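Asks: Listed here are the chains, written in short residue letters.
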Amino acid sequence: MSTHTTGSPAGAKSTGVTASGPLSPRNSVRTRVKAPSRPGDRVFFGLSLGSASLIMVILAAVAIFLIVQAAPAIGANWTTNSDLNTGPTAGHSSFWSYVGPLIWGTVWSSAIALVIGAPIAIGIALFISHYAPRRLAGVLGYLVDLLAAVPSVVFGLWGIFVIRPFLLPLEHWLNANLGWFPLFAGQQSGTGSTILAGSFVVAVMILPIISSISREIFLQTPRLHEEAALALGATKWETIRLAVFPYARSGVVSAVLLGLGRAMGETMAFALIVSPSVIFSLAVLTDTRNSQTIAANLALNFPESSPLQREALIGTGLMLFVISFAVNFLARAAITRTGKGAQRRKLEVVAVLPAASTTFEIAATATPEQEKAFGADGSGS
Amino acid sequence: MFVASLSARSWVAKTHTTHIPEGNTVKITRSGSIAAFALIGTLALAGCAATSTGGSTAGPSASPAEAAVFGPKVDPSLTGTITAGGSSAQGAVQPAWITAFNGTQAKGVTINYDKSQGSGGGVTNWLNGSYDYAGSDAALKPEQYTQAQALCAGGAPVDIPAYLSGVAIIYKVDGVTDLQLSSATVAKIFTLQIKTWDDAAIKADNPKATLPSTPITVVTRSDGSGTTANFTKYMHDTQPSIFTQAVGTAWPVPGTSGQQGGSGVVNAVAAGSGTIGYADQSGIGANTAAKVSGTGKDFVGYTADGATEAFDAAASPAAQGDGDLTEIVDYSKITGATAYPIPLLSYLITCTVHKDAAQGKLTQAFLGYVLSTQGQQVGAKNAGAAPLPTSVLKLAQKTIALIK
Amino acid sequence: MTSTALPKARSPRNPRNPQGNALTSGQLPRFFELYALAGSLAVCAGVFALMGFNLVGWLVVSAIVYLIAVGVFSSIVESRRKATDRVVRGLVVVAFLLAFIPLVSTLATVIVRGISSLTLNFVTQAAGSHFDVATLKVTNTEGALQSIVGTLEITGIAALMSIPIGLLTAIYLVEYAQPTQWMARTVTFLVDVMTGIPSIVAGLFAFSLFSIIVGPSKVFSGFTASVALSVLMIPIVVRSSEEMLKLVSSELREASYALGVTKFATITRIVLPTAVAGLVTGIMLAVARVIGETAPIFIAASFTNNLNFNAFSGPMSTLAVQAYAAYKFPGKDIQASIDSAWGAALLLVLLVVILNLIARLVARFFAPKGLR
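Chains A, B and C supply the protein sequences, listed in that same order.
Numbering-wise, our numbering comes out as the position in the first sequence, counting from 1, plus 5.
Numbering-wise, our numbering comes out as the position in the second sequence, counting from 1, plus 188.
Numbering-wise, our numbering comes out as the position in the third sequence, counting from 1, plus 1018.
In short, the hints are calculated from the structure, not lab data.
Here the structure is a predicted model, which is why all the values come from computation and not from measurement.
Each residue gets a CB set at the ideal place from its N, CA and C atoms; glycine is no exception.
Treat each hint with caution, since some may be false.
Claimed, not checked - Some chain B residues close to chain C (C-beta under 7 Å, calculated; not the full set):
1. Gly279
2. Thr287
3. Gly291
4. Gly296
5. Thr298
6. Asp302
7. Lys303
8. Ala459
9. Ser504
10. Pro505
11. Gln565
Work the whole structure out from these sequences, hints included.
Replies: Below, the structure written as structure tokens:
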């Protein structure tokens, strides 16, 4: 409690009004306005603080659960232990040699899904928010949201019955003609149970997550910024790039991260579609050399495993925890950096522009100024 | 109305007690039953429900020559909930048993069997005390048995064989319909030593077939499975020099196409070309299964009788304690000309003494029904299971009598 | 057409005309993009007709040809800026159409395969079975009522727990905490980590927790599953709500404070209604995410075909679980099982659609007038 107060007495604790994160596009305004405080205020504050604390408690409980469950298997000797040198965990000298390929498989599969899915998802969001006719946009937005309603089991079934046979000819062609490329190498798939098929389906699964959040964020761009850019002669794309994207960056990255989290934790689609092996492999077109993901491996092997093997599997779950944190951390660090860099780049763009297009020059340079002007105007009113 | 319902009741009870053990008669009476049902209409439903009580009580009095086995007498007003789970091989048979039990013995008992847990998960949950009984494709391991003794305070854990089926080898090869595979060929295919369908070994097993040169896609289970354990044990027991990998629930040979669940294997085999895989016979649907050989020379396709015969030949009791009916199945002993070489045996595991006496009573009633002649027939009719030999059922009933 | 426009074109870099601007520079005809699209479709149809027709290949190659054509023509006739604009517009539309294929395919697959099992009885009856003593045959009647009840109760309880916690946490992060403060940082960090919990682990966690609390023999219940789903749901609610609240312009808040409105009232009357559309989208995403979970339900609520209304005792089924179980553990008639799996899947999709519609209506009701 005490940490948050601004030093004001008797619970009249209004902090910075724009409590925007470091990633927020609007952290310029940091005026402190004190709002009046009533008992209801304090209760509400207590509730929100309580919820935030509850999340810490839940996560601590999950973390403790995972660590306690996983510790015996992580610490065990995998070559001599009679539980661990048989069954799904056989042939690994230690926990780390078991989980290593699984981590690789998780990162690899979800990266492919993200590479396929994220640009298209952002494209959809842009289309709905800025290109589609207004009336159509609502319907289309709803259709995309509908896809979020399709449960992963259904995507798994769809993958088995529709996508596997659909992609098989393409896979055979790539495998035959571009087989020298490590991604497409390996024995031709007979059933279509490839990482490509799995990741493709997961890419479709994360589309609605990324696109519906991005769409909402694009729609929230202050209209004045956009109108200012357009008025200054910027084309639609320039408006989007200079007015919409800088504003939406943090939110879009969050949306992509949510999609990535979904992809990394995705169990059923990979488990149902992909034929897995616990190995390091780049191949995406074979049945026999697909790197397995942590979540699918956990779900596939958990039921028949002995208690110690289960603990080893929970240990791999702990690792998924760790890598999803690492990925989030890196991504957040990356956007904080590019957030600063972007301002600079915007100016560089202006400098690079041909002298002839004066209109654009004005647009580009004016936008940040406009931003400031509007900001000042807004706070002054 | 009342009269009609009564007549249905007495008629059904008669059919049940006299004709069930002989296969042919059942067919005749079945057509009769359709006529009767058409006449009585919905009343037949009432009749059936009414018969439920008659099923076990009327039974013993009119037992035919080869002495059907009956479970302990069940109070039809019994109510309660049994929570159980485990083996997915029993996934098809358990619902049938449960419906039949509710239909003939006690209507008020709710039984939840969770087939998603798998044998391992079922045993683990049972050891934790979450289940009243577990379904498992393997008997308790010695350490699990020791652990279970604490659970069964005052009693003993028991493995009761309950479901006998077979592992089918299914394939899809263009132009091939009657595939025969010797155990050596099976082991070579599944260890990836044979790579194309026109290999000499397959040709030798199928002199008449025209085999294409397509590569073999071997489809296996990507998840742990009792089916895999039985199938690998079959290859290990019959061809130890070819199949040198580990026997167990996890598929041991890398480089195959792994699919989730028996249904995943069946789908992938059916959708592909040049594919071969293994699955519990109850779940292969319309796919063609190969005739296989064991250590003998004969190629045998799955039949319920063939599996029972194989069980008689291969199983030898290895009790771990009082009332325990663990069987060791040695696949190399199956040599009969009609015995199916890859039987699959699945157990029900429970305690003789339950912490909660009411749960013990429910469990006893249900297991008693499952291991009766009728219960086994229900499995045969609805899941293609092979009825266990009467001698085994009698032993099982002795064990079940201990449950409280 | 383009050839007539060409002479007028001035390269933006043309040194003789440094003042060239959008008004006087060359312009492509108004419906140029449509012509280009038709042209590339026709050309590619010709090429593919020679090489062997393939619908998807044709569409994809046409799209690429179209983009290149538009880019080239526009940069010759107009300016590079306009060319970029047109190409990006094309890309966005292509991305949308590309995405539309799988979207439509998924929905069509579910509807086409599921519609036959979706009878009135399927919705209003629990799965049942009938045993015929004479033939010893068990006949099953498909039904999904037990799963509909389970889905609504389990997801409903999970939502009741997660939405307040998630929303309040987001409010704390955006409205109360300073971003530099340790508490806010820790919570953001933990929420990040929480998105990485595999669903099966959430199930195991809830199972272990309730094994301790209520004992192993009573552990399977809808509520246990709800707790597992909450663990999965909370981070999604926090993440999306946080982003949506951040987007509420600070001018609104400041104006409110300037009028002497309390912080509580500012949040509930100004901030939340402004963000309500986005918040609802995020919450519905979270609901849709967990409503389709299977692994944690199996572990925490076990599996049953029996109708169970009491979420606090005994196994429960959900539609996703029913669909998965029917596919993975088919009965003797495999096709019938798979049909009922698709039926349950379609029902689940419909259920989420209905929930989504209700949520949107609610959002529209609370949203400030005239903002959008």
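Asks: To test your reading of the hints: which numbers does this structure violate?
Replies: 4, 8, 9 and 10
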